[in-house]
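> Listed below, chain by chain, are the residues.
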Amino acid sequence: MNSCQVLSRENLTHLLDSVDTFLFDCDGVIWKGDNLIDGVSETLDFLRSKGKKLVFVTNNSLKSRAQYALKFHFLGISVSPDEIFSSSFAAAMYLKLYNFPPQNKVYVIGGDGILEELRLAGFNAFGGPADANKTVDLKQNIFFEHDKSVGAVVVGIDPNINYYKLQYGTLCIRENPGCLFIATNRDAVGHMTAWQEWPGSISDSIISHSGISAGCMVAAMCGSTQKEPIVVGKPSTFMMDFLLQKFNVSCSKMCMVGDRLDTDILFGQNAGCKTLLVLSGCTTQSALQDPSNNIHPDFYTSKISDMLDLLEA
Amino acid sequence: MLRIESVLTTRAVVTALPQTHKSNNSTLWFQSVPRSYKLCRNPLLLNNSKRKASYSSSNSSRMTSFTTRAAVQPLKNADELIDSVETFIFDCDGVIWKGDKLIEGVPETLDMLRSKVGKRLVFVTNNSTKSRKQYGKKFETLGLDVSEEEIFASSFAAAAYLKSIDFPKDKKVYVIGEDGILKELELAGFQYLGGPEDGDKKIELKPGFLMEHDHDVGAVVVGFDRYFNYYKIQYGTLCIRENPGCLFIATNRDAVTHLTDAQEWAGGGSMVGALGGSTQREPLVVGKPSTFMMDYLANKFGIAKSQICMVGDRLDTDILFGQNGGCKTLLVLSGVTSLETLQSPNNSIQPDFYTNKISDFLSLKAAAV
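Protein chains in written order, with the numbering used here: chain A, 1 to 313; chain B, 1 to 369.
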């Protein structure tokens, strides 16, 4: 049964009355690549003027919160790092919450964002981009060393993934007793590349390619360790529990706005809050309405600035 | 757990291969998403019901239980086993050699089996880095008299599979793997792209970057790849997701492998896992424990599977392979599996027999006289 409603003036008014906090995904909702989506700035201003709290939740672990705040700033939107929850930050918070001993090290298969957040939280993290050019020369007498004091391996999207990193992470997880295997997220594909339009093409359609995401780096590690990771990003409830507690907000007065059914919308549903799907990202209307889709948001609309258009009408 | 509801099925048409009698469970325990792959009674799919139960978390401390199960017997009557079969299939790493060193007593044992009692010998390895020809050289260097036709590496299996389904010669194969696969594809007359040289290719995750890929790629073959990188994963993913009917073939899914004598190395299971994660699809596995290679050689040599004994050192590949194929199984302890692991309550894969190393065939025979 498809209970998903298209956003209208009526249900939007009701939504605005019943919700105090809006959670926004970033890629495909706020921006696409490095371009701000139309009308985002005005919409966020409007919501703030109505006294709504705004929180930005992204699975993209390449940047730290501070780096994301800078991105918002360049796009002309005023957002404080405290309002941003990147999966890089979630990994660091997970370790903090579970009292990860500071004398244990953390090996990172991922970008600078993860390293920065871990170090900010006081952990001894290494790996990341520094291992980008390391190769493994499989000569007969070679012995691959790894640090026995690594107590956690954090895996996120890594443009510099290579065999050295996979082997390093594998040995840590398989051989260091109690070593944690943490994944920032498991998105299969992401949208690292901007939508590309082919002018003058017959159907004038938008052609794009999905870029592979953290999901495949994590799956590579699952393949060699035969273990399941602890997932800290959407749709895992860890991130939700953390921010509910941090902001002292109640699920029932929250609305999650995102462009992906299997991360954003599922994330909101798992927590029991309202969900709004926007079609400005990777999900099309036909994908939403396809019979094989079982994830139904409460509402859907083409982009967040529809909120302004609907109320103006 | 993440659940992705959309299911992709490939549109490959497989010509009939000798069918196995085992039913196939296509859900791998370490995949959070159940996927269906429609290819009726596909002998290429992993039988994972046993794989799942055999390994607990690899970090848990070894359970030293003294109440062992009596299920598997140490080999005592070698003659009886030898007389009951016509063919021996040997795994290589941990059975014949360890790294580049021959295991003690192997040449004499193989000689005895071949010459004295006229058994057929076949060598089946999941290692896809070399071609059969290159393995033939390795055997020769170690002083063993083994011909290329007796060797079945998973690199060969991938090419043989494509041949068996009449993969069109005008289609291309994208390879995420090493030289062995490329050589076998070339021998079989298939066009390929990728392999080790894509190891130098880099991508830039900048907005506006769009990767081009060849629309004639009709299959992506994935195996162990020490030159693995983002470019290859992205390329393979685009082919599988966007080229209609593109096959996703895995040489093997071994989690770790003994590339050197001294330690474990992340294996093909890692590379295959990555592509599975990005495409949300299950691969067709041609290596052990899938029975493709067993069916192929049984067919090729005209042998009944009940007349085969599989000898290997790994429970979840070699022994499961033998069991899936319906033949006898002998585990040797000269490789990665210890007696403790075999007898652990966490292990549910029970070979018919176990022994220390294959030269026990000789010592047990001598003792029986």
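Incorrect hints may have been included.
[To be verified] Here are the simulated PhoX-like cross-link-like pairs (lysine-lysine), alpha carbons at most 25 Å apart as the crow flies:
1. K274/A x K246/A
2. K71/A x K53/A
3. K163/B x K76/B
4. K201/B x K134/A
5. K138/B x K139/A
6. K52/A x K274/A
7. K139/A x K101/B
8. K133/B x K300/B
9. K116/B x K365/B
10. K139/A x K133/B
11. K303/A x K71/A
12. K227/A x K52/A
13. K139/A x K119/B
14. K148/A x K96/A
15. K139/A x K116/B
16. K133/B x K98/B
17. K139/A x K201/B
18. K303/A x K96/A
19. K163/B x K133/B
20. K202/B x K134/A
21. K133/B x K201/B
22. K183/B x K138/B
23. K52/A x K71/A
24. K139/A x K300/B
25. K183/B x K300/B
26. K357/B x K202/B
27. K300/B x K137/B
Worth flagging that the hints you see were computed from the coordinates, not collected in a lab.
> Going straight from one Cα to the other, do K71/A and K53/A come out at no more than 25 Å?
holds, 20 Å
> Are the Cα atoms of K139/A and K119/B separated by 25 Å or less?
Given that 25 Å is the threshold and the Cα spacing comes to 35 Å, the pair is violated.
> Between the alpha carbons of K52/A and K274/A, is the straight-line distance 25 Å or under?
holds, 15 Å
> Taking only the CA atoms, is the gap from K133/B to K98/B under or equal to 25 Å?
Measuring from Cα to Cα gives roughly 19 Å; hence the hint holds.
> Is it true that the CA of K274/A sits at most 25 Å from the CA of K246/A?
holds, 19 Å
> Is the straight-line distance between the alpha-carbon of K139/A and that of K101/B 25 Å or less?
holds, 14 Å
> K52/A and K71/A: Cα distance at most 25 Å?
holds, 22 Å
> When you check the alpha-carbon spacing of K139/A and K201/B, does it fall within 25 Å?
holds, 23 Å
> Against the 25 Å threshold, does the CA-CA distance of K183/B and K138/B hold or violate the hint?
Holds: K183/B and K138/B sit about 16 Å apart, inside 25 Å.
> Regarding the pair K183/B and K300/B, is the alpha-carbon distance no greater than 25 Å?
holds, 21 Å
> For K139/A and K300/B, compute the direct alpha-carbon distance and say whether it is at most 25 Å.
violated, 36 Å
> Does the structure keep K163/B and K133/B at a Cα separation of 25 Å or less?
The hint holds at about 18 Å.
Hints 3, 12, 13, 15, 18, 21, 24 and 26 from the list above are not met by this structure, while the remaining hints are.
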